[in-house]
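Work the whole structure out from these sequences, hints included.
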Amino acid sequence: MKSTLVQQNLSTDQNITIKEKSRIRQTLSSLNKYKALYFISIPGILYFLIFKYVPLMGSVIAFKDYNIFAGIWDSAWVGLKHFQALFQNPDSIRVLKNTLLLSFYDILIFPAPLILALLLNELRLVLYKRFIQTIVYMPHFLSWVIISGLFIGILSPTTGIVNKLIEWLGHESIYFMGSEDFIRPILVLTYLWQSVGWGTIIYLAALAGVNPELYEAAKVDGANRLQQILNVTLPAILPTFSILFLLHIGHFLDFGFERVYVFLNPLNQANGDILDTYIYEVGLRNAQYSFTTAIGLFKSVVSLVLLVLANFVSKKVSGNSLY
Amino acid sequence: MKYSTSFRSKIFDICNVLFLASLALTMLLPLISVFAKSFSGSNAIAKGEVFFWPVEFTLINYEYVFHDASIWRAFLVSLVVTVGGTFINLLATTSLAYPLSRPEYKGKKIILFMVLFTMIFSAPLIPSYLVVKNFGMVDTLWALIIPSMISAFNFFVMRSFFLNIPSTLIDAARIDGLGELGILFRIVLPLSKPVLATIGIFYGVSHWNSYQTALYYLNDPKLYPLQVKLRQMIVNDEMSVESNSVYSTIALNSPEGIQMATVVIATLPILLLYPFLQKHFVKGTMIGSIKE
Numbered sequence: 001m002k003s004t005l006v007q008q009n010l011s012t013d014q015n016i017t018i019k020e021k022s023r024i025r026q027t028l029s030s031l032n033k034y035k036a037l038y039f040i041s042i043p044g045i046l047y048f049l050i051f052k053y054v055p056l057m058g059s060v061i062a063f064k065d066y067n068i069f070a071g072i073w074d075s076a077w078v079g080l081k082h083f084q085a086l087f088q089n090p091d092s093i094r095v096l097k098n099t100l101l102l103s104f105y106d107i108l109i110f111p112a113p114l115i116l117a118l119l120l121n122e123l124r125l126v127l128y129k130r131f132i133q134t135i136v137y138m139p140h141f142l143s144w145v146i147i148s149g150l151f152i153g154i155l156s157p158t159t160g161i162v163n164k165l166i167e168w169l170g171h172e173s174i175y176f177m178g179s180e181d182f183i184r185p186i187l188v189l190t191y192l193w194q195s196v197g198w199g200t201i202i203y204l205a206a207l208a209g210v211n212p213e214l215y216e217a218a219k220v221d222g223a224n225r226l227q228q229i230l231n232v233t234l235p236a237i238l239p240t241f242s243i244l245f246l247l248h249i250g251h252f253l254d255f256g257f258e259r260v261y262v263f264l265n266p267l268n269q270a271n272g273d274i275l276d277t278y279i280y281e282v283g284l285r286n287a288q289y290s291f292t293t294a295i296g297l298f299k300s301v302v303s304l305v306l307l308v309l310a311n312f313v314s315k316k317v318s319g320n321s322l323y
Numbered sequence: 324m325k326y327s328t329s330f331r332s333k334i335f336d337i338c339n340v341l342f343l344a345s346l347a348l349t350m351l352l353p354l355i356s357v358f359a360k361s362f363s364g365s366n367a368i369a370k371g372e373v374f375f376w377p378v379e380f381t382l383i384n385y386e387y388v389f390h391d392a393s394i395w396r397a398f399l400v401s402l403v404v405t406v407g408g409t410f411i412n413l414l415a416t417t418s419l420a421y422p423l424s425r426p427e428y429k430g431k432k433i434i435l436f437m438v439l440f441t442m443i444f445s446a447p448l449i450p451s452y453l454v455v456k457n458f459g460m461v462d463t464l465w466a467l468i469i470p471s472m473i474s475a476f477n478f479f480v481m482r483s484f485f486l487n488i489p490s491t492l493i494d495a496a497r498i499d500g501l502g503e504l505g506i507l508f509r510i511v512l513p514l515s516k517p518v519l520a521t522i523g524i525f526y527g528v529s530h531w532n533s534y535q536t537a538l539y540y541l542n543d544p545k546l547y548p549l550q551v552k553l554r555q556m557i558v559n560d561e562m563s564v565e566s567n568s569v570y571s572t573i574a575l576n577s578p579e580g581i582q583m584a585t586v587v588i589a590t591l592p593i594l595l596l597y598p599f600l601q602k603h604f605v606k607g608t609m610i611g612s613i614k615e
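Respectively, the protein sequence lines represent chains A and S.
Under our numbering, think of the first position of the first sequence as 1, with each following residue one higher.
Under our numbering, think of the first position of the second sequence as 324, with each following residue one higher.
I should point out that these hints are in silico values taken from the structure, not numbers from a laboratory.
Check the hints yourself; a few may be wrong.
Calculated from the model, a selection of chain S residues having no Cβ within reach of chain A, i.e. all distances over 12 Å [as the list claims (entries may be wrong)]: (1) Y385; (2) E386; (3) L402; (4) V403; (5) G407; (6) F410; (7) S483; (8) N487; (9) P489; (10) A495; (11) L514; (12) K516; (13) L519.
The calculated DSS-like cross-link candidates involving lysine-lysine, where the alpha carbons are at most 25 Å apart (straight line), are [stated by the list, open to error]: (14) S:K429 / A:K33; (15) S:K516 / S:K456; (16) A:K129 / S:K370; (17) A:K129 / S:K333; (18) A:K129 / S:K606; (19) S:K370 / S:K516; (20) A:K21 / S:K431; (21) A:K19 / A:K33; (22) A:K21 / A:K33; (23) S:K429 / A:K19; (24) S:K431 / A:K33; (25) A:K164 / S:K370; (26) A:K219 / S:K333; (27) A:K21 / S:K456; (28) S:K456 / S:K333.
Since the model is a prediction, treat every value here as computed from it, not as a measurement.
Heads up, the beta-carbon is just placed ideally off N, CA and C, and yes, glycines get one too.
As structure tokens, then:
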């Protein structure tokens with residue numbers, strides 16, 4: 001009796017090991033069979049590990065006083081000193097304020113592509129619509145350096161067309177680029193100029209998917225054009241709008257180094273500096289590595305929190321969610 | 324009643340057409356003005372007489388640009404980085420996106436999450452700079468290519484395209500005796516020409532227009548790409564011709580004309596390819612947006 005039990009136990013043990021072995025063997029043979037697939041994926045995986053995840057780990061220098069000679073790991077820990085400095089240093093407070101203000105203005109112009117898409121959608125002549133689309137997409141392909149060149153030329157106090165107009169109206173010309181008062185509107189308007197046309201693409205795609213029968217039904221019910229837009233078109237692209245808005249919120253504090261930096265000069269910097277340009281100037285140029293890493297980390301964390309929060313609210317309110 | 328709504332609707336149509344036309348003009352006129360200035364004489368530019376048509380027509384600004392070795396060099400650097408970089412981008416993106424589109428690949432969830440996470444939470448600039456520096460890439464053109472080898476967005480666009488290739492096709496090729504790499508090169512890639520073109524253009528345009536990576540990683544003026552050179556010219560009116568040649572007087576007299584000529588040359592490749600670019604960019608943006 002006892003011996004048979006032992007026997008049985010042994011045999012089930014053996015069964016398990018045999019099953020496990022065969023599973024391992026299957027996995028191994030699958031790995032072996034498709035080894036070319038794994039092999040060619042190695043460079044890409046290494047790329048993400050080295051250039052995205054190693055820097056993420058290297059961000060510990062935000063909690064240290066980084067010393068080039070001691071290296072990342074042997075530099076002394078200082079806790080949250082640099083994060084406190086971010087909120088105490090008058091310079092970084094000014095930059096933070098600029099960043100928040102510009103982000104806020106960016107949110108104000110966020111619906112512009114939606115409105116432009118609605119207007120484009122109302123055009124009846126297909127050829128004219130294509131023509132306008134081709135032109136308004138174009139600024140998206142120009143580099144920010146070139147865009148800054150264009151606008152600095154247009155706003156020039158001596159030869160720019162805007163000041164020619166102002167002089168013609170009998171006022172004195174204004175040095176737009178040399179004043180703190182104009183840099184924020186310039187940054188927002190140039191961004192609008194560059195991105196509004198391109199931003200319509202996704203909305204137009206969503207509009208193309210609207211069932212034409214809905215418009216027919218609305219017409220039968222006596223809806224005029226405005227009512228058709230409000231009751232058919234707008235609800236159809238609202239989900240697209242809210243998803244794009246969520247993505248935008250996720251980039252609340254980082255809206256691009258280039259689009260700001262190319263317009264800055266010593267005369268307008270006070271109101272134009274944002275976190276990214278400040279990180280470049282103070283961190284990279286003046287080697288305050290730990291302090292600016294803390295700023296960068298702060299930025300990334302705020303973005304992540306906002307994204308999760310906005311997603312939660314959107315899910316509750318409208319059922320649209322990123323994940 | 325019926326008449327009045329259609330009348331109002333007509334008024335709206337006219338306003339809409341006019342509004343969109345003026346919007347398009349605000350996008351076109353700055354470029355036209357750059358062209359006009361690049362062909363204009365220095366006096367006319369300085370007096371502010373040039374708007375949308377060349378005044379005192381001249382080619383001297385372009386002559387200057389063609390004789391300035393540093394502008395040529397910058398142009399060449401941009402060309403090398405754009406062509407070489409785009410090739411490396413495509414190679415790296417494909418060789419990661421294809422395996423991760425195959426159901427046979429074990430552990431793809433972890434890797435996909437790893438890529439996705441970098442889109443949501445980006446590492447700060449300084450630690451990234453230190454990594455590039457430790458690889459000895461600072462002040463080499465590799466710094467403009469390797470640290471941005473795979474864009475997560477383009478990776479997902481490409482992968483979603485590969486996912487749509489019917490797996491029966493791949494099984495058939497396997498039965499016919501093709502190996503995994505044979506399937507990739509002889510079946511999948513020939514089918515993927517549209518997405519390769521789109522992604523290649525995404526990468527190419529971003530290389531050509533890129534300014535900040537060069538600013539971060541290059542200190543040697545000999546390696547400056549065109550955008551950095553252009554930016555210097557816009558900011559400093561900086562011209563770099565030996566002081567007693569004919570061209571130094573042009574540089575002195577017509578800095579804006581020369582700037583504008585350089586802007587034209589930097590924009591020309593993009594404008595020439597524009598119809599092609601637009602088609603593929605629109606397509607790529609749509610694939611990307613559907614997937615997300």
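Right, here's what the structure says about each hint:
1. No beta-carbon of chain A is positioned within 12 Å of the beta-carbon of Y385 (chain S); the least distance is around 16 Å.
2. At the 12 Å boundary, the C-beta of E386 (chain S) stays outside the reach of chain A, the nearest C-beta of that chain being 20 Å off.
3. Chain A leaves L402 (chain S) outside its interface by the beta-carbon criterion, the shortest separation being 15 Å against a cut-off of 12 Å.
4. Every CB of chain A is more than 12 Å from the CB of V403 (chain S) (nearest about 17 Å), matching its label as outside the interface.
5. With a least beta-carbon separation of about 16 Å from chain A, G407 (chain S) lies farther than 12 Å from that chain, consistent with its non-interface assignment.
6. Under the 12 Å C-beta cut-off, the non-interface status given to F410 (chain S) relative to chain A holds; the minimum distance is some 14 Å.
7. Listed as a non-interface residue, S483 (chain S) keeps its Cβ farther than 12 Å from every Cβ of chain A; the least gap is roughly 15 Å.
8. The Cβ of N487 (chain S) sits about 17 Å from the closest Cβ of chain A, beyond the 12 Å cut-off, so the non-interface label holds.
9. Separation of P489 (chain S) from chain A is adequate, the least Cβ-Cβ distance of about 18 Å exceeding the 12 Å criterion.
10. The claim that A495 (chain S) is not at the interface with chain A holds, since no C-beta of that chain comes within 12 Å of its own (minimum 17 Å).
11. Residue placement check: L514 (chain S) keeps its beta carbon more than 12 Å from all beta carbons of chain A (closest about 17 Å).
12. The non-interface label for K516 (chain S) is consistent with chain A: the shortest C-beta to C-beta separation is roughly 19 Å, beyond 12 Å.
13. Remark: the non-interface label on L519 (chain S) is consistent with the geometry, its nearest Cβ contact in chain A lying 16 Å away (cut-off 12 Å).
14. With a C-alpha separation of about 12 Å, the suggested pairing of K429 (chain S) with K33 (chain A) holds against the 25 Å cut-off.
15. Only pairs whose Cα atoms come within 25 Å are accepted, and K516 (chain S) paired with K456 (chain S) is rejected, the gap being roughly 36 Å.
16. For the proposed pair K129 (chain A) and K370 (chain S), the alpha carbon gap of about 38 Å is over 25 Å, so the pair is violated.
17. Pair hint K129 (chain A) plus K333 (chain S) holds up; C-alpha atoms about 17 Å apart against a cutoff of 25 Å.
18. Pair hint K129 (chain A) plus K606 (chain S) holds up; C-alpha atoms about 18 Å apart against a cutoff of 25 Å.
19. For the suggested pair K370 (chain S) and K516 (chain S), the alpha carbons sit about 52 Å apart, so the restraint of at most 25 Å is broken.
20. For the suggested pair K21 (chain A) and K431 (chain S), the alpha carbons sit about 23 Å apart, so the restraint of at most 25 Å is met.
21. The straight-line distance between the Cα atoms of K19 (chain A) and K33 (chain A) is roughly 20 Å, inside the 25 Å bound, and the hint therefore holds.
22. Annotation: proposed proximity of K21 (chain A) to K33 (chain A) holds, straight-line Cα distance about 18 Å (limit 25 Å).
23. About 20 Å separates the Cα atoms of K429 (chain S) and K19 (chain A), which keeps this hinted pair within 25 Å; it holds.
24. As the CA atoms of K431 (chain S) and K33 (chain A) are separated by approximately 17 Å, the hinted pair is consistent with the 25 Å bound.
25. The suggested pairing of K164 (chain A) with K370 (chain S) holds, with an alpha-carbon distance near 11 Å, which does not exceed 25 Å.
26. Between K219 (chain A) and K333 (chain S), the direct Cα distance comes to roughly 17 Å. Compliance with the 25 Å bound is thereby established for this hinted pair.
27. Between K21 (chain A) and K456 (chain S) the alpha-carbon distance is near 46 Å, which puts this suggested pair outside the 25 Å criterion.
28. At most 25 Å may separate the alpha-carbon atoms for a hinted pair to count; K456 (chain S) and K333 (chain S) exceed this at roughly 63 Å.
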